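Colleague: For the record, the sequence lines run as chains A and B.
The first sequence runs 1 to 351 under my numbering.
The second sequence runs 352 to 1501 under my numbering.
For the record, the hints were derived by calculation from the structure and aren't laboratory data.
These figures come from a predicted structure and were not determined experimentally.
Worth double-checking, as some hints may not be accurate.
With beta-carbon atoms standing in for the labels, derived distance ranges [said to hold, decoys possible]:
hint	chain 1	residue 1	chain 2	residue 2	range
1	A	48	B	475	40 to 46 angstroms
2	B	706	A	91	49 to 55 angstroms
3	B	674	A	48	37 to 43 angstroms
4	A	105	B	674	30 to 36 angstroms
5	A	218	B	701	53 to 59 angstroms
6	B	752	A	331	30 to 36 angstroms
7	B	461	A	70	52 to 58 angstroms
8	A	270	B	665	26 to 32 angstroms
9	A	238	B	701	35 to 41 angstroms
10	B	574	A	19	55 to 61 angstroms
11	A	19	B	733	54 to 60 angstroms
In silico contact screen, one side only, chain B against chain A (beta carbon under 8 angstroms); selected entries [stated by the list, open to error]:
hint	residue
12	609
13	747
14	1144
We treat Cβ as the ideally placed atom computed from N, Cα and C, and that holds for glycine.
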Amino acid sequence: MTWSATARGAHQPDNTAFTQQRLPAWQPLLSASIALPLFFCAGLAFIGLGLGLYYSSNGIKELEYDYTGDSGTGNCSVCAAAGQGRAPPPPCSCAWYFSLPELFQGPVYLYYELTNFYQNNRRYSVSRDDAQLSGLPSALRHPVNECAPYQFSAAGLPIAPCGAIANSLFNDSFSLWHQRLPGGLYVEVPLDRSGIAWWTDYHVKFRNPPLVNGSLALAFQGTAPPPNWRRPVYELSPDPNNTGFINQDFVVWMRTAALPTFRKLYARIRQGNYSAGLPRGAYRVNITYNYPVRAFGGHKLLIFSSISWMGGKNPFLGIAYLVVGSLCILTGFVMLIVYIRYQDQDDDYEE
Amino acid sequence: MEREPAGTEEPGPPGRRRRREGRTRTVRSNLLPPPGAEDPAAGAAKGERRRRRGCAQHLADNRLKTTKYTLLSFLPKNLFEQFHRPANVYFVFIALLNFVPAVNAFQPGLALAPVLFILAITAFRDLWEDYSRHRSDHKINHLGCLVFSREEKKYVNRFWKEIHVGDFVRLRCNEIFPADILLLSSSDPDGLCHIETANLDGETNLKRRQVVRGFSELVSEFNPLTFTSVIECEKPNNDLSRFRGCIIHDNGKKAGLYKENLLLRGCTLRNTDAVVGIVIYAGHETKALLNNSGPRYKRSKLERQMNGDVLWCVLLLVCMSLFSAVGHGLWIWRYQEKKSLFYVPTSDGSSLSPVTAAVYSFLTMIIVLQVLIPISLYVSIEIVKACQVYFINQDVQLYDEETDSQLQCRALNITEDLGQIQYIFSDKTGTLTENKMVFRRCTVSGVEYSHDANAQRLARYQEADSEEEEVVPRGGSVSQRSSIGSHQSVRVVHRTQSTKSHRRTGSRAEAKRASMLSKHTAFSSPMEKDITPDPKLLEKVSECDKSLAVARHQEHPLAHLSPELSDVFDFFIALTICNTVVVTCPDQPRTKVRVRFELKSPVKTIEDFLRRFTPSCLTSGCSSIGSLAAHKSNHKSGSGFLSTPSSDGMLLRLERLDQPTSAITSNGYSSQADDWASELAQEQEPERELRYEAESPDEAALVYAARAYNCVLVERLHDQVSVELPHLGRLTFELLHTLGFDSIRKRMSVVIRHPLTDEINVYTKGADSVVMDLLQPCSSVDARGRHQKKIRSKTQNYLNLYGAEGLRTLCIAKRVLSKEEYACWLQSHLEAESSLENSEELLFQSAIRLETNLHLLGATGIEDRLQDGVPETISKLRQAGLQIWVLTGDKQETAVNIAYACKLLDHDEEVITLNATSQEACAALLDQCLRYVQSRGLQRAPEKTKGKVSMRFSSLCPPSMSTASGRSPSLVIDGRSLAYALEKNLEDKFLFLAKQCRSVLCCRSTPLQKSMVVKLVRSKLKAMTLAIGDGANDVSMIQVADVGVGISGQEGMQAVMASDFAVPKFRYLERLLILHGHWCYSRLANMVLYFFYKNTQRMSVQRQSSLLGLYLPSRPRPIAVEQVGLLTHTVTSAKSFDVLELQIPSLYVG
């Protein structure tokens, strides 16, 4: 029998990096010399970032007006009172007057804000038919069950657009008038109402159903508008590129908000003389007051705002960064003190 | 004796094969026509078929079926089983919840997909496993085997699955037994056969089985057709080491059946040409299959803890869902009346009541927040553990080259428990030591023989072993066996480096070769075999030999020797034959050339006894006993003369037997027998190739020692032992009884008839503590008695000396029995043997009766060498904060000595020894020790502040850092005191004391005590315990501990079979615990924590939004957490993590 010592035993395991757990690996060893600078650096970076954010947020100018019409808050209270208790509130208009002592730096955005409006309610937010909104003819006739009870009208016709979201479309409208000189004539400020929706929403997600004989109205024949709507969907705007499902206001509304207090873009002011912003002077906003919010304790606000590189006014982000940064530095100091204090004893302990 | 039960057990109704009632089973031959059946000639074949069918109804046939499913039952059964897991039920519940429209949160189909996926994977795995089981079953079921066929009147080949209880099976050499078979006939003239039980218990030594008494006498070949006896035996059970039953012959005679008659399924026939037997248990009723209980399932501590955490998660989930539900209800209640634009009524326009909405919301929230309950965690943990087991198995540093074995993880799910061990309970023999027994020294008749040359030889092995560099031998191995080699080594004391390493590799190569042969375990490294005899003793032995050779034909040959020399002679005879060593020649079945005695086997009946002993030498002065009274005889030795005529039959028989008897007894060792012996010697010229296979290695050591003194065991059959001496030639001892070793008696005995004196001798070998108490009380009146007394005290001194050296001591004693004593004892012994109930107890009593009034011959000291690296391992484990207890059955001195040798005890530390003889004394001692320890504890109180750091992590672990300097004492306790200390009222004190001690050593402890200690520490201290051992006596301790480690060493496989992890050597424990245990634990713990963190993170997003009434449909992608579990290293620097980890064992505690 021959046998040599170099022969491997039958059960000898393979000596590879994998089986012997020798694969290269790295893990930071969080010693004081690494952790302390890390904390200080992170703290400083956070504070710097926080300061930047805070100041740029502070530089943003905002002008807002609550036109809900609580009694004694301007002329919209008339409209509010008129709409009280009436199922479809009667058409009513009111106005908001304000004056700018200096130039409102552009570009200026016009928002409307709703409070206490739970667009994020689960049953509300699923109450839509995306297939229908993307222009699918079959879905137009047969809205999904999620739309119920706004799926079919009382007459049995499919509702287009179906669902609670569409039904609760915000239908106030605004126009802005500028009085250059005191006592002078009010000139309408052009509001750019195109391009207020997301590009993907407007171009991809929302599509009109194919036209029948070149007519959108015919395409929607056999459907009913949502119960709260006064006009069918194809008459939202005379502009063929802004009517039907691709009406920009509609598209903006259909992108539901995450919080019960939300703003939605109404228009941008960037045309004509107003591309630089709103010059000083007196202004008037004509408001067509339709949307009832007082029933559930909500408020409607109108907001002019400029924006910066970081978006709209948002002081929270900057403050959060500042707080976290300070905490980091504070912890760093505490750890530094602990480290210096107990360093010698640790050495003893190791030995 | 027990006729009545026999009468009741007569087969009752026709066709009935087994009686359901009662505790026994009755087996009859299948070849017999059933009593009262139709004409056997007419419907033989039909009848057989019918009977077979009948059999199948009552008894399990030999078909092996381990599959769980059939094609039809697979789906429902598998699903049913899968739904026993709460996780699956939960999964499906959540998925089904999605189908309720009012509640659904996700797409119903989508939610069901992962559940179905998991169920399908599990089902597929089960199916695959079942299929492979089916395939292996099929293979086994279709193995062939010779079964006696009634129609063809000969053995025909049948499949295993076609074997039924009551069939006759014939097996040839190296075949595997298909069922549990009662051995009825063997080709061996003695009615013996050898089997190897490696498949059953992993032990590779040959075991002897014996034909049922009454069948061994058959001269002609066994004919199954004539077998009409009825076998009664136990119901099928799983006890491998026990079988009781009896066989009832036609004439109403009854014979007992023992486990020596039973061939178990799965064993292999060795060294025997062919055997025939009747099937007793078949198929799933065989002992092997009843023992097959599958892997054990232990739940790890981490898992238990995790289960608690998961329950908290469930509680949290319910709370949060409840909170959300209430909130939702309130919201609904607030807004639905107000015609809010965003309030959506139900589809039919009506509005839900806030309460209903809240209930729906509750269910929805449970779906949405389900990630909080980490169901996937269980799956991930399974995967990670499987990988960990793989890595541990694959660790090349846990591979033992010598035995070609690696660490085996037998329990798959407690890897991380390895990282939390606080107490280690270790066996000593075979665990800390090698259990390679080497004969070191002996004392005979009060004279000590130090065997200095032998000690030097051993020292050289030690040296060579510690030599790490070694020359790789080129080509074939060099075997340096044979006694010549050993003699050479006497002369050449100083060897050069190269020969040393050469020798070492030689031994290693040999060990390897032996394991590759794998047929026989090698208890036989040259170190154990080549014993250098002490010249003084050798001289005495040869003197004995010579003078006996001269005096052999005289009347009392031994009387010519001086008492000392006769003791020396008896001592070596006892060493050679007082054991159960089997002599085998490798690779060939025994060739039968031997002197046949008059009749078979040890004496089994009184008549047998009379038959055999009356004509031979009964000492003249004996008084007659019982039936013997009639045959009182005085006669000369060797003559067949019978003085008192007895009944005719008896006389006739005796005379018939007279011829061969006298031929043997008178001139059995005359020229004729000598010729035989020399013939034999020639025939077995390569006699050195004899292999001794012993059940325990110290038996083999003693036989090898005797061989070194030219007293060679050449053959052992079940009724005779042959010893060869250079001048005397071959002496054949008639072996009357072997009373095996047990842990209560702590001794074994053989009863033989001495060929030279024709006396009946009892040789006893056992632990000194018991044997010394059983010695014949010697009167101090006469000179002989005084001399004896002196010898005894001298021997006791030497025994103490041996103990202090760490040697295992055994006392050898002898007793000469008079015929009457023997006859008297024999009667009770036979009764004990044949009783069906509590025969074990009776046999035990019988053995105790025999082993009294012994004459001390001498004592031996056997060295058990420490395994490599034991002291280092122990100190490392200590540094890691583990407390090590040694529980051994050895005597206190030996144990303490070994403890010093392996650095468990330190010479400059205090040792508290607890030896109490009574309960009260033990209590008092404990109190005293406690006070002492506490007073010490107070003194070093200021040091303790630092210890608290580690106390916080594991409060039960002693502050390891402070002990290093703080000198806590060690505790040594012996078995008796331990028994007292483990009593209910003292155990707390004992534990408290033991907790204070650095190490604890329990000597003389029984297996039961071992397990009690472990249980006590586990339950009272709530500590994680690990038990490590190698022998059958450690099994209970291994099973009780949280983690059981078996050493796959010398003493069979029982410990390994019971263990969770099997390591080849003790030193691998260090790497297993400190490296793998720590890794497994920290990785798994990190993974679990990370899992909980991840899930709560994911959940908190949902939670935050739900507070605002928001619902987020999208689910963040989970990160592959398994990677975290597998690939993180605790200590990271440079390349070798393991090195660092092993260098800083204190990491283990943290």
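Colleague: If a hint holds in the structure, say so; if it doesn't, say that too.
Modeller: Results of checking the hints against the structure:
{"no.": "1", "hint": "A/48 / B/475: 40 to 46 angstroms", "in the structure": "56 angstroms, violated"}
{"no.": "2", "hint": "B/706 / A/91: 49 to 55 angstroms", "in the structure": "40 angstroms, violated"}
{"no.": "3", "hint": "B/674 / A/48: 37 to 43 angstroms", "in the structure": "39 angstroms, holds"}
{"no.": "4", "hint": "A/105 / B/674: 30 to 36 angstroms", "in the structure": "46 angstroms, violated"}
{"no.": "5", "hint": "A/218 / B/701: 53 to 59 angstroms", "in the structure": "36 angstroms, violated"}
{"no.": "6", "hint": "B/752 / A/331: 30 to 36 angstroms", "in the structure": "53 angstroms, violated"}
{"no.": "7", "hint": "B/461 / A/70: 52 to 58 angstroms", "in the structure": "46 angstroms, violated"}
{"no.": "8", "hint": "A/270 / B/665: 26 to 32 angstroms", "in the structure": "56 angstroms, violated"}
{"no.": "9", "hint": "A/238 / B/701: 35 to 41 angstroms", "in the structure": "39 angstroms, holds"}
{"no.": "10", "hint": "B/574 / A/19: 55 to 61 angstroms", "in the structure": "59 angstroms, holds"}
{"no.": "11", "hint": "A/19 / B/733: 54 to 60 angstroms", "in the structure": "20 angstroms, violated"}
{"no.": "12", "hint": "609", "in the structure": "37 angstroms, violated"}
{"no.": "13", "hint": "747", "in the structure": "5 angstroms, holds"}
{"no.": "14", "hint": "1144", "in the structure": "52 angstroms, violated"}
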